[in-house]
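There are 2 protein chains.
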Amino acid sequence: MKKKDKYNIAIVGATGAVGQEMVKILEERKFPVAELKAFASARSKGKKVSFRGKDVPITELSFEESAFQGIDIVLSSAGGSISKQFAPHAVKAGAVVVDNTSAFRMDANVPLVIPEINGEDIQKHNGIIANPNCSAIIMLMAIAPLHRKNRIKRVICATYQSASGAGAKAMQELEQQTRDVLEGKPVQKKVFPHQIAFNLFSHNSAVTDNGYNEEEVKMIQESHKILHDNSIRMVASCVRVPVFRAHSEAIVLEFERKMTPEEAREILAKAPGIEVVDDRERNYFPMPLEASGKDKVLVGRIRRDLSSDNGLALFVAGDQLRKGAALNAIQIAEALIQ
Amino acid sequence: MKKKDKYNIAIVGATGAVGQEMVKILEERKFPVAELKAFASARSKGKKVSFRGKDVPITELSFEESAFQGIDIVLSSAGGSISKQFAPHAVKAGAVVVDNTSAFRMDANVPLVIPEINGEDIQKHNGIIANPNCSAIIMLMAIAPLHRKNRIKRVICATYQSASGAGAKAMQELEQQTRDVLEGKPVQKKVFPHQIAFNLFSHNSAVTDNGYNEEEVKMIQESHKILHDNSIRMVASCVRVPVFRAHSEAIVLEFERKMTPEEAREILAKAPGIEVVDDRERNYFPMPLEASGKDKVLVGRIRRDLSSDNGLALFVAGDQLRKGAALNAIQIAEALIQ
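Order-wise, the sequence lines are chains G and C. Under the working numbering, the first residue of the first sequence carries the number 5, and numbering increases by one thereafter. Under the working numbering, the first residue of the second sequence carries the number 5, and numbering increases by one thereafter.
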C-alpha cells in the first residue's frame with residue numbers, strides 16, 4: 005500500500021457488534037485515519053457512529069465502484085453474501101478490503117491472516133485479506149507459538165462460545181431471555197434456534213454431511229491455511245454458552261516430541277498477544293469475563309495430557325469481538341500501512 | 005439384603021439439593037418405604053420434607069449407632085467428612101449406606117456402581133456402596149455401552165458443568181448474581197470463587213500437583229474402577245458454566261477397532277438410560293435445559309473423530325441431580341432390595 009500520512013477508512017457493517025468495536029479500536033490505537041466512512045444497511049439509515057468525538061453519519065452501502073472512490077482500506081463485517089457483492093467493486097476502486105466474513109477465507113488468492121502468526125502472508129494479497137473465524141483465531145494464538153517449536157500433530161478442541169459471535173442482536177437475546185426466565189415469563193427465540201439463557205447448545209451454524217457444523221469446519225480448515233500445514237489432524241466441538249462476549253476453549257494437543265508444561269508456559273509467556281493466567285494455588289485460570297475487553301488471549305491450565313505421551317492440555321479465553329474479530333482486522337490494516 | 009415388603013429408609017442431607025431430589029424420586033418410583041427418616045445438620049432443625057403428602061420432620065444427624073437402629077438403607081449426600089463419621093455407625097447398626105460423596109469411592113472394599121454398567125458389583129458390598137461422581141456417571145452412561153462392543157483406549161472429555169453440582173446454595177448464587185448483573189449491581193461471591201453469572205471457570209475443586217483438579221481426577225479414577233479397566237487413557241477438562249442443573253460433556257473416544265457413527269447410534273439407541281438426540285437437519289442435539297428433570301442421559305452429535313482413525317466424537321447432557329446423583333443412588337437401593 006502506498007505510504008501516506010493518513011488513510012481513508014471505510015467500515016462496512018458499522019452498526020454491528022464487530023463494526024462498533026472496529027470504530028472504537030481505530031480510535032484507541034490512534035490509527036492514522038484521514039476520513040472515516042461508515043457503511044451499513046438501509047435499516048441503519050439515520051444512525052450515527054461516534055469517532056474521535058465527532059458523529060459520523062451512516063451511509064447506506066451501495067454495491068458500486070463509485071461508493072469506494074478514494075477509500076484506502078475497507079474493514080468489513082456485514083455478512084458473507086454482502087462481502088461477496090461489494091468487495092470486487094471496492095478492490096476495483098483501489099481499496100484493500102480486510103474482510104471479517106467467511107466469504108473469501110478459503111479462496112487460494114486471498115491471504116487469511118493472524119498478524120502474530122502469519123503476518124508475512126499479508127503482502128501476497130490481491131486486494132482482499134480475510135480475517136479468520138473468531139474461534140480459530142483464539143485457539144491459534146495459543147497453539148501456533150508451541151507448534152513453531154515442536155510440530156503439533158493433533159488438536160482436540162471443545163469451545164465455549166459467547167453470544168457476541170452471532171452479533172449484537174444475539175447478545176440482546178441472551179439478556180432478554182435471562183430477564184424473562186428470572187421473571188417466570190416465556191422465552192422468545194429470534195436469533196438462536198434454542199434458548200440461550202441458562203442453557204447451552206451445539207453451535208447454531210448448519211451441520212454438514214459428516215456431522216460437523218460449519219463453525220467446526222472453519223476452525224479446522226482455517227487452522228490448516230494459517231499454519232500452512234494441512235497434515236495436522238483436528239477435531240472440534242463448538243458449543244454456544246450463555247456468556248456475552250468472550251470465547252473459551254478446552255484444547256488437547258499432541259506434539260511430535262515431548263513438550264513439558266514448563267516449556268510451554270515459557271514459550272507462551274514470550275508469545276505476542278498472549279497472557280498466561282495459570283495460578284493453580286488460587287484456582288485462577290482464564291475466564292471469559294476477564295478476557296472481555298482485553299486484547300490479549302488468556303492461556304492457562306497448562307498441564308500434561310494424561311491420555312498421550314507427547315500431549316498437553318490447556319484452556320484459553322479471548323474476547324470474540326476484539327482479537328476474535330475487530331482487533332485482528334485492524335492489526336492487519338496496521339501491517340498493511342507499514 | 006433380607007427381603008421385606010417395605011424398608012426403613014434414612015436420608016442424610018435431606019435438605020440439600022440432592023437430598024430433596026432423593027425424597028422426590030423415592031416417591032415417584034414408588035420405592036417400598038416403610039418409614040422415612042430425614043437427617044440434616046443442626047442448621048436445618050425445625051425444617052420438614054414432604055413425602056407422600058406428609059411432613060417428615062428433620063432430625064439432627066448424630067454420629068451414633070443408635071441413630072440408625074432399625075434403618076435398612078441410608079441414602080447419604082451430606083459431604084465426604086460427614087459420611088466418614090456417620091457411615092461406620094450406620095453399618096454397625098445393620099444398615100446399608102448408599103453414599104453420594106467421594107468419601108469411600110476409591111476404597112477397595114466399597115463397590116462404586118452405576119447400575120446399568122456394573123450393577124453386579126453391588127452384591128460385593130460390606131455395608132457401604134458408593135455413588136459415583138456426577139460427571140463420571142453422565143459420561144460413562146454414554147461410553148460404557150460402546151466400550152463393551154469395542155474397547156475404548158482413550159477418552160478426551162471437556163465438561164460444561166451446572167451450578168447444582170455445588171449444591172442448592174450454588175444454584176441460588178447463579179440466580180442472585182444474574183439478577184445483580186442485569187440490574188448493574190455488584191456481584192457477591194459466597195459459594196464459587198469466581199462470578200458464575202454470564203461467566204464460566206475451571207472447576208472449583210482444588211488443583212492437584214499435576215495440574216488436574218479433583219473433579220478431573222475423580223472422573224478418571226472412577227471411570228477406571230467402574231469399567232474395571234485401568235488401562236484406558238483419559239484426560240478431562242472440567243468447567244463450570246452458568247446453567248442450573250444439568251451437566252454437558254464434549255467427548256472424543258479412540259477405539260481398538262473402527263466404530264462407525266451408525267454403529268454407535270445403534271448401540272446407544274438400545275442402551276438402558278440413554279436417549280439419542282441427534283438431529284443434524286434441525287440442529288437439535290443434547291442440551292442441559294432439556295436434560296433437566298429427565299432420568300435419561302441425552303447423547304448426540306455422534307460423528308467420526310476427524311483427528312484419529314478409530315475415533316468418535318459425541319456430546320452428552322444429563323441431569324446432575326437425578327442420574328448424576330439422586331436417581332443413581334436410588335437405583336442402587338432398588339437393586340439392593342431385589
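Be aware that a few hints might be false.
If several chains are the same, the list does not tell them apart, and a pair holds so long as it fits within one copy or across any two.
As the list claims (entries may be wrong) - Straight-line C-alpha distance at most 30 angstroms; calculated DSSO-like pairs for lysine-lysine:
#, residue 1, residue 2
1, Lys-189, Lys-298
2, Lys-300, Lys-189
3, Lys-189, Lys-28
4, Lys-51, Lys-262
5, Lys-189, Lys-88
6, Lys-300, Lys-34
7, Lys-189, Lys-173
8, Lys-157, Lys-262
9, Lys-7, Lys-300
10, Lys-58, Lys-193
11, Lys-300, Lys-49
12, Lys-8, Lys-194
Rather than coming from a laboratory, the hints here were simulated on the basis of the structure.
Structure-based check of all given hints:
{"no.": "1", "hint": "Lys-189 x Lys-298", "verdict": "between (34 angstroms within a copy, 22 angstroms between copies)"}
{"no.": "2", "hint": "Lys-300 x Lys-189", "verdict": "between (38 angstroms within a copy, 27 angstroms between copies)"}
{"no.": "3", "hint": "Lys-189 x Lys-28", "verdict": "between (36 angstroms within a copy, 26 angstroms between copies)"}
{"no.": "4", "hint": "Lys-51 x Lys-262", "verdict": "neither (55 angstroms within a copy, 57 angstroms between copies)"}
{"no.": "5", "hint": "Lys-189 x Lys-88", "verdict": "neither (41 angstroms within a copy, 44 angstroms between copies)"}
{"no.": "6", "hint": "Lys-300 x Lys-34", "verdict": "within (18 angstroms within a copy, 56 angstroms between copies)"}
{"no.": "7", "hint": "Lys-189 x Lys-173", "verdict": "both (20 angstroms within a copy, 23 angstroms between copies)"}
{"no.": "8", "hint": "Lys-157 x Lys-262", "verdict": "both (12 angstroms within a copy, 20 angstroms between copies)"}
{"no.": "9", "hint": "Lys-7 x Lys-300", "verdict": "within (29 angstroms within a copy, 64 angstroms between copies)"}
{"no.": "10", "hint": "Lys-58 x Lys-193", "verdict": "neither (36 angstroms within a copy, 41 angstroms between copies)"}
{"no.": "11", "hint": "Lys-300 x Lys-49", "verdict": "neither (34 angstroms within a copy, 51 angstroms between copies)"}
{"no.": "12", "hint": "Lys-8 x Lys-194", "verdict": "neither (45 angstroms within a copy, 56 angstroms between copies)"}
Violation of the numbered hints given earlier is confined to hints 4, 5, 10, 11, 12; the remaining hints are satisfied by the structure.
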